[in-house]
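In the order they appear, the protein sequences are chains A and B. Heads up: the first sequence runs through residues 1 to 251, numbered per this note's numbering. Heads up: the second sequence runs through residues 1 to 420, numbered per this note's numbering.
Among the hints, erroneous ones may be present.
Simulated DEER-style distance windows between Cβ atoms [said to hold, decoys possible]:
#1 A/Arg-110 / B/Thr-192: 52 to 58 Å
#2 B/Pro-103 / A/Arg-110: 35 to 41 Å
#3 B/Gly-400 / A/Arg-110: 47 to 53 Å
#4 A/Phe-111 / B/Ala-215: 23 to 29 Å
#5 A/Asp-184 / B/Met-311: 17 to 23 Å
#6 B/His-206 / A/Asn-133: 35 to 41 Å
#7 A/Asp-233 / B/Ala-209: 51 to 57 Å
#8 A/Pro-132 / B/Leu-412: 32 to 38 Å
#9 A/Arg-110 / B/Gly-141: 50 to 56 Å
#10 A/Phe-111 / B/Leu-131: 31 to 37 Å
These are computed hints drawn from the structure, not numbers from a lab. Just so it is clear, CB atoms sit at the ideal spot from N, CA and C, and this is done for glycine as well.
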Amino acid sequence: MTTPLLEMRNISIHFGGIKAVDDVSIDLMPGEVVGLLGHNGAGKSTLIKILSGAYKKDSGEIYVDGQKVDIRSPADARKYNIETIYQTLALSDNLDAASNLFLGREITTRFGLVDDTKMEAESRKIMARLNPNFKRFSEPVRSLSGGQRQSVAIARAVYFNARILIMDEPTAALGVHETAMVADLIKELKAQGLGIFLISHDTREMMELCDRVSVMKNGQLVSTERVEDVTEDDVLSMIIMGKKPGETVDA
Amino acid sequence: MGGLGKLIRTLQLDTRLLGMIGAFLLIALIFNIATGGTFLTPRNIFNLTLQTASVAIMATGMVFVIVTRNIDLSIGSIVGVIGMVMGLVQAFWLPEIVGFGSPVIIVVTVLVGIGLGVLIGGLQGWMIGYLMIPSFIVTLGGLLIWRGAAWWVTRGTTVSPLDANFVMLGGASGTIGVTASWALAIVGALATVWFLMRSRRQQMAHDIAVKPLWAEYALAGILVAAIAGITAIINAYQIPTRVLQRRFERNGLEMPEGYTEAYGFPISVLIVIAIAIVMTIVARKTRFGRYVFAMGGNPDAAELSGINTKMLTVKVFALMGGLAGIAAIVASARLASAGNDLGTLDELRVIAAAVIGGTALAGGVGTIYGAILGAFIMQSLVSGMGMVGVDAPFQNIIVGAVLILAVWVDILYRRRTGEA
């Protein structure tokens, strides 16, 4: 068996008395899409925020390519090529697309000043690939549509050669056409060998895009299953009742 | 929008900037009529720039503070305490070591002033960023603490006279003369043209759409004309004949018949111009400036992008403190003395200048040139009303009303242009 691209082992975190994530282990192979499912508050977002460096875990270990890594901040996560597209998109509304795309990793001139012209040119290149309709490069992102803002957030994750991509509800704010574009992009990135964690409430979409699904409930991992081994109903019952397929529900 | 609107768009001019310049000119014209033509004399314009210098310097820093959704109420008091300490350093401590009139005095005093400002600002920034005490509270405390400290340092006495070299940094007694002023203006004009050409070349190199060439020439023409115009006005302010006569007599010479000489740019105004340029570059072309605006637009997004927003807060307040130090240098040098009321109410003037200049208290939006223009608008109102003979209480009422009106107009403008 090949080494997983990423492993999170026995991860726990609590806020006050509440165990938001309780001894959860998940992994991700290169070129694989793993869906994280569960109700609101099941701990999916908290788990991936530990991976992206926004939260610090209380216990557990993270391995990238079999090497133990220490992720304490978003900057650490970026160092290991872990990129995140947050549900809120995490854009600074007052800055333009290029400034957001390169935020925290600006291209600078030899005098150490930010090179806006170069960054805009690079933004145009990546956008031509991701969303050819995107033209509004010099406007603050607040004036863009939901789909355009989403493209900026995705471009930011993709541009810096992500190896592990976390997508938190990437299609929640999008129309039908744009949702299809994101699905195509996920397939393309997967073919390039990226590992992708996908969070969504849309079970059908997940069954279509993912190789495996991990279901969480009350901060614990219910089970991880290959999508071809389960039906959509199985997954729904895992989400709702917290039971693995085949287990009988006790009366 | 008709032809004018199209012209403004082609030239890629900032309509907010045009509006502010328009308001400024309107105020100047009204006062010029009301004073029977004395408001727009070279002499008054010269004095106006001197009076605005310290507030304008601090307003550039206040832009960063407000853009990051903070406020600094302590800067007036910081000016007070730094003025006092610098007064002691140059009038009592250093002369005993290096002797009166030594050029070491001005260097050390200036370094002490700026250093102390950075330290005080950084300390307050640390409490705001790392201890997470709201900036309003930290700097409200600072307002009392540093004013109290200024009082305590000299037990309330005023330090005077200050070092002769140091006093030159304040204004009327420190000007660079006509020739140097024109030389600077030429350098400035050349730099402006070079900068426009370079940014056009860069944009073309990356296939980014550029303005038509005639628009580029028009813009360069307007900017060069503005630089030349301001220099001509300042250079038109003649040194009074009596002053010149005394200077010749002091040197044992006879003043030639019809001899005239003008002041040229005051050093303090050159300091303002230098700070305006540096702060604009910092705001728009450095990572630090980019992060300041990113944090103001969305603090969470900034943090998730790997920006250390706590340290950024410390830096922003340290910068504000350093600028308060420079303002203290200019203000005490202009008065040639350091009293413990130096800088009183400056925090409110500076905040008003930044806000009139289009800095949004909600954060994320603000420009350096706006804040400086805001400072000039405020000072023009105050000194214009003084010249017309408006009573002091009415002056305050009008300035307060103008502040509220300016912010309301700004809100309307933002709503129309859709920048929430």
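Hint by hint, here is what the structure shows:
1. A/Arg-110 / B/Thr-192: 52 to 58 Å: violated, 23 Å
2. B/Pro-103 / A/Arg-110: 35 to 41 Å: holds, 36 Å
3. B/Gly-400 / A/Arg-110: 47 to 53 Å: holds, 49 Å
4. A/Phe-111 / B/Ala-215: 23 to 29 Å: 28 Å Cβ-Cβ, so the 23 to 29 Å window holds.
5. A/Asp-184 / B/Met-311: 17 to 23 Å: violated, 40 Å
6. B/His-206 / A/Asn-133: 35 to 41 Å: violated, 20 Å
7. A/Asp-233 / B/Ala-209: 51 to 57 Å: For A/Asp-233 and B/Ala-209 the Cβ distance comes to about 54 Å; the hint holds.
8. A/Pro-132 / B/Leu-412: 32 to 38 Å: holds, 37 Å
9. A/Arg-110 / B/Gly-141: 50 to 56 Å: Violated, at about 44 Å.
10. A/Phe-111 / B/Leu-131: 31 to 37 Å: The hinted range 31 to 37 Å holds for A/Phe-111 and B/Leu-131, with Cβ atoms some 36 Å apart.
Violation of the numbered hints given earlier is confined to hints 1, 5, 6 and 9; the remaining hints are satisfied by the structure.
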